[in-house]
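So the protein sequences, as listed, match chains A and B. Residue numbering for the first sequence follows my numbering, beginning at 635 and increasing consecutively. Residue numbering for the second sequence follows my numbering, beginning at -4 and increasing consecutively.
Source of the hints: derived by calculation from the structure; they are not laboratory data. Glycine included, C-beta positions come from ideal geometry on N, C-alpha and C. It is possible that some hints are incorrect.
Derived, one-sided and incomplete: chain A residues facing chain B with beta-carbon distance under 8 Å [claimed, not checked]: (1) Ile666; (2) Leu676; (3) Gly680; (4) Phe701; (5) Pro708; (6) Pro709; (7) Leu831; (8) Gly833; (9) Gly870.
Computed, partial: chain A to chain B, Cβ under 8 Å [unchecked claim]: (10) Ala688; (11) Pro718; (12) Leu732; (13) Ala836; (14) Thr874.
FRET-style restraints, in silico, Cβ to Cβ [to be verified]: (15) A/Leu749 to B/Ser35: 40 to 46 Å; (16) B/Ser140 to A/Asn751: 52 to 58 Å; (17) A/Pro709 to B/Pro179: 38 to 44 Å; (18) B/Ser140 to A/Leu851: 49 to 55 Å; (19) A/Ile853 to B/Thr68: 35 to 41 Å.
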Amino acid sequence: MEEPGASLDEPTPRPVTPSPETIYRHRLPTRIWHWVNMITILIMIGSGATILNAHPHLYWGNYGANFDRPWYNPPHMPSWLTIPSHYNLALARRWHLLFALVLGFGLLGYMIASLVNRHFQRDLRVRAGELAPGHLWHDVKEHLALRFHDPENPAAYNIFQKLAYVSVIFVLIPAMILSGLTLSPAMNAAWPWLLDLMGGRASARSVHFIAATGIVLFIVIHLALVLLAGPINEIGSMITGRWRVPEKKP
Amino acid sequence: MSGIITRRAVLTTGALGAGLVLGGCDKIAEQPGFRKILFSGEKINQGLQRALSARTALAPEFRPDQMSPIFRTNGNRNPNTPDYNAMAGVQFAGWKLQVGGLVTRPLAISLAQLRAMPARTQITRHDCVEGWSAIGKWRGPLLGSILKLAGVRDTARFVVFTCADLMGGQPYYESIDLIDAFHPQTILALALNDAPLDVGHGAPVRLRVERQLGYKQAKYIMKIDAVASLDGIGKGKGGYWEDAIGYDWYAGI
């Protein structure tokens, strides 16, 4: 295995500034949103699981009830996962509909902050060439070797990180919010285009479930990669903002 | 690379943390202070939804070919009290809808009189709080027309519906505010899918308040009262399910 520190000196002479031991990686808005959102999403998944248990059948179209044909019957959500742990739809809805506001306005605030501080433009923008098969394959191999950072530019996100974060921030969470709003009969009256966008209320409920499944999948992969990349450094950086560059100094 | 022990410790801590968030939710939801915060979401959502929609914004209406093949029943499917059975036995011939409370002219309206009133027909979607939806065709006079006939006083803020079905020995009841009471789609439905309302769906008359969930659509309505406050009615939360379990009074979402 190549020693990254050693290779720095040999082929291309690097600028004299040595790579710093730690870099400032996560700005305050990112860190605040990350932790608020973590708690919010756990609560949304738990309370959503209770709500799903109330009618565990999913349909496509404008309507769907017991006499109609579901495309999927999700399994019963176990009590260790649900909020509250005993079945109480009224209380689950109280959790869900309050924290839905935190989720929605939290995302809005984070998006505005990340446009202003250029986090999106600088860190999440997928650049030409990153999606080229050669580059993707290179990053797959790097992942399999548990190397997640470009030694030349350790602060940059790799393409799979970018795609994962972009999917969550710009696709999955907005899909959760829009499909959730579509379930509201009052919002159907206020914004009828929601129903057109989702293809009906029963479809919106299915989209809500599929997007939630996507978020759960993201959480599993995200946690696994935090563990593989070094959990102390990764979690610490999301608290203090400062991230230790994993490669040892020569 | 950190050692496996550290990693395991972190994994355990993470799992414990997630467990505490989920498990702690039961405990924290019992604290009166936090419960108040948790329940504040209702008013925030009501305020936002009302701010985002016109007072008379209409719920979506559908074409006949978009209707549910079967419109399921739910909740109480038959009040089955001696009084109700006697009324249903004669097709509600002697039944009269009582309209009172804070009105200038209390009314007692027979089913024939209700049927003779100008009626609105609407194919709308019924959304149960449990998550299912069904589309049906409802027909009946506007609640607003009846309230105008009775003359709602300025002090009234809510309309309360008292029903024939008993829940825990007490009549089921529900309430809405005057914005929804005078909404152009809020009707007292006498018919579903071109047939007189059957017992399962709320005969002789049920409420349709189309921008809210199913439990607000009171069935078996016997009495309508205009009131200034919901205090002192039932347990004061504005409806049976609101009182019994803590469902939101504003069921727009």
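- Of the hints given before, which are not true for this structure? Numbers 1, 5, 6, 7, 8, 9, 14, 15 - these are the hints that the structure violates, sorted from lowest upward.
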